[in-house]
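Visitor: Each chain is listed here by its residues.
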Amino acid sequence: MAVQQLANGRFAWQRRTARAEWLNWLAWLAGVALTVFCWRVMTESTIWDYVWDAPTQAADIGGRMVPPRWSYFPNILKPLWDTLNIATLGTLLAVFISVPIAFLAARNTTPSVAFVRPVAILVIVSSRSINAIIWALLLVSILGPGILAGIIAIALRSIGFIGKLLYEAIEEIDAKQVEAISATGASGPQTLAYAIVPQIMPAFAGITVFRWDINIRESTVLGLVGAGGIGLNLESSLNTLAWPQVTLILLVILGTVVISEWISARIRHAII
Amino acid sequence: MLRLEGLSKRYANGDRALDHIDLHVPAGQVVGLIGPSGAGKSTLIRCVNRLVEPSEGKIFLGDVELTALGRAGLRQARRRMGMIFQEYALVERLSVMENVLSGRLGYVGFWRAWFRRFPQADIDRAFAVLDRVSLMDHVDKRADELSGGQRQRVGIARALVQEPDILLVDEPTASLDPKTSRQIMRLIVEICAERNLAAIVNIHDVALAQMFVQRIVGLRAGRVVFDGPPESLDPAALTAIYGEEDWSKTMTREEEAEDRAHEAASEQLRGVRAPLIAEAL
Chain R
1 MAVQQLANGR FAWQRRTARA EWLNWLAWLA GVALTVFCWR VMTESTIWDY
51 VWDAPTQAAD IGGRMVPPRW SYFPNILKPL WDTLNIATLG TLLAVFISVP
101 IAFLAARNTT PSVAFVRPVA ILVIVSSRSI NAIIWALLLV SILGPGILAG
151 IIAIALRSIG FIGKLLYEAI EEIDAKQVEA ISATGASGPQ TLAYAIVPQI
201 MPAFAGITVF RWDINIREST VLGLVGAGGI GLNLESSLNT LAWPQVTLIL
251 LVILGTVVIS EWISARIRHA II
Chain L
1 MLRLEGLSKR YANGDRALDH IDLHVPAGQV VGLIGPSGAG KSTLIRCVNR
51 LVEPSEGKIF LGDVELTALG RAGLRQARRR MGMIFQEYAL VERLSVMENV
101 LSGRLGYVGF WRAWFRRFPQ ADIDRAFAVL DRVSLMDHVD KRADELSGGQ
151 RQRVGIARAL VQEPDILLVD EPTASLDPKT SRQIMRLIVE ICAERNLAAI
201 VNIHDVALAQ MFVQRIVGLR AGRVVFDGPP ESLDPAALTA IYGEEDWSKT
251 MTREEEAEDR AHEAASEQLR GVRAPLIAEA L
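Protein chains in written order, with the working numbering: chain R, 1 to 272; chain L, 1 to 281.
Please keep in mind that the hints were generated in silico from the structure rather than gathered at the bench.
Check before you lean on any hint, since a few could be wrong.
[Said to hold, decoys possible] Distance ranges between label pairs, derived from CB positions:
(1) L/137 / R/129: 50 to 56 Å
(2) L/124 / R/266: 36 to 42 Å
(3) R/262 / L/137: 34 to 40 Å
(4) L/53 / R/112: 17 to 23 Å
(5) R/108 / L/182: 34 to 40 Å
(6) L/55 / R/125: 37 to 43 Å
[What the hints assert, rightly or not] Some chain R residues judged to face chain L by a derived CB distance under 7 Å, without partners named:
(7) 177
(8) 180
(9) 181
(10) 184
(11) 185
(12) 186
(13) 189
(14) 190
(15) 193
(16) 194
(17) 195
(18) 198
Don't be surprised by glycine CBs; every beta carbon is placed ideally from N, CA and C.
Could you put together the complete structure from these sequences and hints?
Guide: Below, the structure is given as structure tokens:
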């Protein structure tokens with residue numbers, strides 16, 4: 001620490017020693033230099049004429065996007081319903097798979113910390129590390145385009161999310177309640193049902209509804225890669241430059257997300 | 001009823017919690033287990049129902065050697081031992097009735113328990129013990145809606161509905177005010193008398209122990225250093241258990257004053273905290 005005794009017997013104090021001060025300066029300098037260098041690399045391939053032109057282009061597309069083509073609305077009701085189904089069924093499927101995995105991954109309920117837990121954690125991590133869109137791309141090429149690929153893509157991505165948050169909730173339960181139930185002579189599964197399940201119920205409900213809410217948003221874009229839902233119409237409208245239809249679809253997605261957010265907030269409020 | 005022979009417990013970190021304890025508790029006797037923090041009181045009663053595995057020695061409940069039992073045998077034996085906890089250890093989000101019925105889990109299968117379809121005989125037992133602990137008006141409330149004293153009575157009901165031969169009671173009054181503490185101790189002692197139950201009660205309030213139990217066992221550093229009737233607990237005995245201190249003042253009065261001061265202080269704190277929390281929210 002930068003404490004020095006002065007000639008007059010008092011103590012001087014500085015936050016850093018002179019050496020640390022210099023190192024700090026150098027680190028900042030290196031950071032700024034790196035940023036400048038990266039900016040140069042990044043902008044090397046930019047065609048600036050396009051960028052300067054951007055406001056005009058944006059205004060042009062914006063002008064063509066309004067007014068929305070309201071008459072297109074009946075055509076997207078069915079895809080919208082598909083989208084909601086993809087999100088809901090995907091979440092449901094993920095719940096069935098992730099609940100057992102969460103119990104296998106939680107330190108206090110796993111049958112084996114050395115063998116089973118790492119496998120469960122691996123499942124959770126690999127599910128989480130791949131975005132739903134990427135899962136959908138893979139599944140569309142395996143299963144062919146359609147809603148099924150969407151549902152499974154959503155489920156695969158959600159397993160990790162629900163599994164991780166749920167196993168953390170399981171690890172945070174009050175151990176005394178577990179001790180008390182097992183002291184009555186209850187079996188392992190009974191202890192799980194009476195001491196652990198009631199404790200994690202609020203977390204479980206909150207996590208599931210939250211994930212469902214996220215999945216509604218994710219499933220709206222899955223159609224872009226052919227996995228069904230309203231994203232299919234978005235893609236075809238974009239491809240045919242039908243800007244008024246794009247506007248309508250975006251508005252409908254916005255409305256759906258707002259409603260799902262409201263519903264999930266209500267459900268969470270009611271359960272917790 | 002309960003017999004410990006050379007019971008020792010050494011934890012993985014090398015701490016010797018219990019050191020060759022020999023103890024015999026006959027049916028119907030309530031034993032108060034006193035001693036300083038870390039003396040091994042909690043470990044001792046948890047070794048009896050093997051929530052903590054003893055390292056050495058034997059434990060007999062009646063004719064059954066608890067220390068020799070396998071998993072299934074231990075489950076059956078645990079039904080005969082009711083346990084009551086310091087902070088009640090109720091399942092907070094279950095109703096009073098569900099908490100009490102959880103005392104019957106050792107007798108019913110998984111699906112019956114899962115769907116809460118307990119045999120009528122068990123429901124009758126549950127209502128009988130709830131009546132005994134005066135909680136008939138609170139059957140359908142959730143455990144976290146009750147006051148401390150009420151919660152501990154649910155804890156007692158859960159232990160009783162097992163129809164045990166012995167009660168293992170771990171600091172039953174540590175989180176209760178002095179008046180409720182006495183009521184809870186009185187209830188435990190009365191019930192033991194009614195049902196001829198043996199009980200081991202861990203308790204750190206010496207005066208309260210003296211008031212209610214028939215026999216006091218003093219533990220220090222994992223050894224029994226005192227064993228006798230409450231009247232014979234003199235300053236010399238207290239020094240043997242807790243170490244050097246001025247024990248000459250009558251303990252009862254001293255402790256009561258302390259409790260009152262403590263209660264007043266926490267009352268005051270609550271008053272201060274409430275607006276702070278409201279502000280933070």
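Visitor: Would you list, in rising numerical order, the hints stated earlier that this structure does not obey?
Guide: Hint check: nothing fails, all pass.
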